[in-house]
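Visitor: Residues per chain are reported as follows:
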Amino acid sequence: MSSNKKYWKSVEELKENSSIVETLQQNEFVEEIPTDEFLGNKESLESSKTTRRDFLKYVGFSTAAASLAACEGPVIKSIPYVVQPEEIVPGVANYYATTIADGFDFASVLVKTREGRPIKIENNTMASTNGGANARVNASVLGLYDSLRMQGPVKGDSYVSWEDLNAEVSQKLTALSGSGKQIVLLTQTFASPSTSKLIAEFKQKYGNVNHVIYDAVSESAALDAYQAKYNERALANYDFSKAETIVSVGADFLSDWQGGGFDTGYSAGRIPTKGKMSRHIQFESNMSLTGANADKRVPLKPSQQKLALAKLYSEVVGGSISVDLPEHILDAVSKAATQLKNSGNKAVVVTGIQDVNAQTVVLEINEYLKSKAFDASTPIKTRQGNDKKVNTLVADMKAGKVGAIIMSGVNPLYTLPNAADFAEGLAQTDLSVTFSMKADETSTQTQYIAAAPHYLESWGDVELKKGHFALMQPTIRPLFDTKQFQDALLNWIGNDISYHDYIKQTWNESILGGASFSQALHDGVFVSNGNMTLATSSESETNTTSEDDKTFVGGIIEDVAQGLGIKKDDEIVIEETTTAPVAKGGQAARALASSTLPEGFELTLYTKVGMGDGQQANNPWLQEFPDPLTRTSWDNYLTVSITDAEALGLRNDHSADGGLNGSYANVTVNGTTLENVPVMIQPGQAKGSVGLAFGYGRTTGLKNEMKTGVNAYVLCQDFNNVQNVNVTAASGMHEFASVQLHNTLMGRGDIIKETTLEIFNTKDKSVWNAVPVVSLNHVDTPVSSPDVDLWDEFDRSIGHHFNLSIDLNACTGCGACVIACHAENNVPVVGKEEVRKSRDMHWLRIDRYYSSEESFDGDNAKKENISGLGSSLSEFGEMEQASENPQVAFQPVMCQHCNHAPCETVCPVAATSHGRQGQNHMAYNRCVGTRYCANNCPYKVRRFNWFLYSQNDEFDYYMNDDLGRMVLNPDVVVRSRGVMEKCSMCIQKTQKTILDAKRDGREIKDGEFQTACSSACSNGAMVFGDINDKDSKVAKLLEDNRMYHLLESVGTKPNVQYHTKVRNTTEA
Amino acid sequence: MKQVSNRKLGRNILKLSLVFILTISTSIFAQDGDPEKGKSLFNANCAACHKLDKKMTGPALRHIEQRLADEQGLDREWLAAWIRNSSALIKAGDAYATKIYDEYSGAAMTAFPQLSDEDINDLLAYTEQEAVVPAQVAGAVSSGGQASSGSGISNKIILGALGLLFALLAMALLLVRRTLNRFAEAKGVDVSETKGTPIWKAFVQNQFLVLVTAIFLLLASGYYLYGYMMQIGVDQGYQPVQPIHYSHKIHAGDNGIDCKYCHSSARVSKTSGIPSLNVCMNCHKSIYEVAESTATEEYSKEFYDGEIKKLYAAAGWSDEEQKYTGEEQPVKWVRIHNLPDFAYFNHSQHVTVAGIECQTCHGPVEEMEIVSQYAPLTMGWCVNCHRDTNVKVKDNAYYTKIHEELSKKYGVDQLTVAQMGGLECGKCHY
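These protein sequence lines map, in sequence, to chains A and B.
Following full-length UniProt numbering, the numbering of the first sequence begins with 1 at its first residue and continues without gaps.
Following full-length UniProt numbering, the numbering of the second sequence begins with 1 at its first residue and continues without gaps.
Treat the hints as calculated values from the structure; they're not laboratory data.
Be careful, since some hints might not be right.
What the hints assert, rightly or not - Taking lysine to aspartate or glutamate pairs in the DMTMM-like style, the calculated list, with each CA pair at most 25 Å apart, reads: (1) A:Lys703 to A:Glu735; (2) A:Lys992 to B:Glu405; (3) B:Lys394 to A:Glu1008.
Said to hold, decoys possible - Beta-carbon label-pair distances, calculated as ranges: (4) A:Thr781 to B:Lys409: 39 to 49 Å; (5) B:His337 to A:Gln151: 29 to 39 Å; (6) B:Ala354 to A:Asp481: 43 to 53 Å; (7) A:Pro786 to B:Lys408: 48 to 58 Å; (8) B:Gly227 to A:Lys940: 25 to 35 Å; (9) B:Gly227 to A:Trp791: 33 to 43 Å; (10) B:Ala44 to A:Pro85: 26 to 36 Å; (11) A:Arg977 to B:Ala48: 56 to 66 Å; (12) A:Gly658 to B:Gly227: 46 to 56 Å; (13) B:Asp258 to A:Pro786: 28 to 38 Å; (14) B:Ile158 to A:Arg977: 56 to 66 Å.
Said to hold, decoys possible - Derived list of chain A stretches under chain B, where covered just means 3 residues or more per stretch with a C-beta under 8 Å from a C-beta of chain B: (15) 789-801; (16) 979-992.
Beta carbons are placed, not taken as given, at the ideal position from N, Cα and C, and that holds for glycine.
Go ahead and model the full structure; you've got the sequences and the hints to work with.
Guide: Structure representation (structure tokens):
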């Protein structure tokens, strides 16, 4: 039988005139095999003294010698403590509650320490204060063991002692205090009551002190708007779990918008309960994590966002505003407005536009709606930066008005767009000190680098939200000769108590109100119930207006402020300088509506969940973390829509080795050009807009491997994240390290099951979540039936049977689980080159799929209608292209721990086998590396160690130095070269839980069993437990209607459940 | 055995007689009090902090009454008041009491209000005894090295003598043969032997024999090769020299200290833990030397005392000043039981949950002067035990349900670890 069917072997073949296909037709290999190099020279081969037999002898001898030499066991020394600390038992983990507050990430966390070493960050479930730990917070523990940290204070090129540094700095400060020149403290947002008090004391001592707070990624506009309206420099707090309709105009609130931490509440409202879930409409230009999760996403340029918001205001609140917007956007706006009005006080509007008017309009709308999701009583304190003051500072420095500058937690020479001006001014100061963990861009340019400790070695306190205080405590003794900013300040004002005692004093005097400091330290958080309403009780009265809420002085609660010795007069100065006249409601909307639409491209600068503002750029976990949307690691890039890319001649190609290549582009803002920015074609990017992430392009204080990407801060002129840009194509192609090259689902609706809320509520399960059937004696039989099974079922009803449940509705794709898995399981970092070769080692990946039609439903319909005749090839080819504005779905995939695992049956050495508790075991010491199992795994979750990734100079990441290896989890083995590895369902954790119960002689309660990913997931998307415990949450989820298994038709019977994604597409 | 007991007897008699003599002599000038009773009182109440001739937590006490009277002019009454409640004296502002209190860096002496006058008299009688000069018996054991080498030398002498004898015999035989040959030569007798087939040629010609030998050799070498290969990486009997000669025999055996007193983390942790030096110092603060009877032929008292000195050096304890100097030198012990990284073992699972004796895996440590690896620590060894051992389910609520269901399934009363799932790869390898 001959057939004319044409099989295609790669995507390249679908393109016409592909040079690679042509080359391949003529030649088996794209590149010549360099055989001549080693076999071509016959003469030298013959004249060589080493014969083949000699060679074999040498090989035989050296192998035998090496193996015999290896038989001798090494002598292992054990050194016990001389005096063992009471709380440390070797082999038993301790947990401490502390708080990260690095100026960008603020979260209350639990730190797991082993033998005194912090090894993992976990969520502090006791603290309901501020969401959970995101990917960066999870990865922050590695920063403690960064081999490039400052090991002591440095003056110029040499180490000095702290005594000398303190003496010299105090002397200079004293000299300067009378000179009329400013002494400037340029710091991150500390949001710390004690630090505020301390700085006030510092001001008192030296006079003429100017404290400038600088956030690298500014939220100044939102702060200004909130301050104007509520008399408090803070950010509005939203609880999205209380919202039925969420309209976001350019706010990426699932990642870092206004400090982040909103995803927990959002996810809670996304799980359909009693037929209800929230509806989320997103207007945005970049494809953001938030847009990817939205029920309806409207791509539009940043300038159009302002108009749309103005229009939305007029439709909801009233007033007539006419804006020049395309019809479909106007339609979407008016539908959103109707929906908002219908939901009434269960609706909320947020925006990410860096414009005071836009932020004011949003506050007005929420107030008008009396939105329950908007909590005015507990505003967020974790951003306090002030753009205007920073600009004034740079001007003052250039004018020589600044005598001394002391910096902490900031890196202005990297993050300032006018870094050159700052550098010029810095050179004119008499004294410059930087408190920094690294010799980075800024600290290397100052006279002194005061080596600062990591937050896991420091004391501190943070007011995360109004009335919600958190404490930071050291979890390890300082590894190096470091001192924190506050301790130095105390020294310079001649106070010889430690910052720890200082915090204790402050708390006892003005925060605790009689409560125990030790208890607060133990819990990590303290919710003050003094004169402020608690978040829990705020439901009844959310709309406390500014008039009767005058207890604030410049961001500090009045009574605290008085306790701290801050006079009102001090703060009024600040208020005068900061508060620009802000228009009210309608006026602001009209101002918005009158904003002009620029001709060219508009650039939106954003932060990636993996990199944030870039202070952790030397963290290999975060560099290798694939961006949830582009699935690309080790890079930032200009995101461009497909239409614009074609017009500009920008391309994304897959090279012959499977890697993704992208063109370069030059991006110009106001004469500043960023050259050779790699281009990523991003489905969903609004036409006429481009996007670029902050945090990359660092040059100093990090390993060469980590110097990736381009610095987007230079384009962030006037601290505005939206800029008018000129984009031109540049020559050359950039090599990306992307872990997912196939972007669409190709209509395979059984991988990600999706339905709409309407169908979910009205139709039977068999319609939207049908179990696949196979034919048994011409009768359709569900694959879950034992009759059609190849295998005999094992009895798993006794003991534990673990299941992991993943709710696709609650999963936002944030990736905290990916990093938590990294940390828990000693997953190695392999580097950009290896990731490009698809050799990434992540045990847990989050697949991201785009629809090629408007929606995934459209994809399914299209696939069904492909006839199989004639045009099928091109039609399937079309389905590989993501739509211009696709639907997006995230799916975390790890080893599915199949009860009938295909990997187990093919292993020639039985290295992988099944446990009675449902886990698929992998015995690394037994594995010989045939990789049959990976070939036979339908989920492609097995990872092969192509190299030795620890103690290998070729992979110079954290596992290559003694310091970095301190983060390794001693309960999990570090795998060696040549073995297969995969998710173990954190068997070390389940075993530990069982052992603890056995030792206590008790039964295990639901919720005690956790995996690293399930405990890292603060969104409730991942639930782990024992399905033999019929009352457990996971056992109930197994019976849920939405439950399905991945590739159920294969019959693998996985122990990982997925829950059908439901979209609320009901238009008002 | 007999010898040892005899020697002890001799020593005891010597001691007794000494004590007897001393009792008589002291009773002449001590007013009253029974030094024998005093000794037992001293050991029960005072010995933790005081020695007769050595400053410890408290001062040395020999002739304390005499010294107090001579140096400070204080009488027995003062002493009794001090013993019954020293802190009251200090509070009352007694000059000498305060001085002593300060001299011993503010460590208050435990009050003994229960001691009667008579008891105190007995105690003081005991402290008035003259120091016992170590008897000759100790001298005999003084250098263990010499004593132990004695038997070794005698063995060597015997062997040497035997060797010499054999050499002489061989020489004699050679000489006889030469003489005989000379005789034969002289008489003209031809002594050349008749040459048959050499034995090796005969062997080579016999194909059957060659085959059998070859098979035998192959099997033998296979056997030995297998044996050799199987012991690679198995360090059974590994007995490294430790930086401090710590005798488990003395501690766990002779003194019966529970293993988990020092290896306390075995109860709760995956590691049994090498005790930190402060655990050693709990006892060794007051035990600065071993008893005479502890010394053996191999290790003398001086040797053991030297090892205690090593501990003091490591812990930074100054025996003279009775305080820590802070100059610590952590001890680098050589680890004996080494499991590879890919095998997970948890002590608390076995010790606390299963209630297994330490000796099951570690052997009779209480009899080991130097600890060696008792078990092979191979996977086969682990697995065999897991097959044979029953899970201890009694009074453990965790096991109640699973035991009930599993025992019904397998139709047994007692479940082995293997039946409970203890042979699954992932239980130990992750």
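Visitor: For each hint given before, does the structure comply? Return the numbers of the non-compliant ones in rising order.
Guide: Hints 4, 7, 8 and 13 are the ones this structure does not satisfy, whereas the remaining hints hold.
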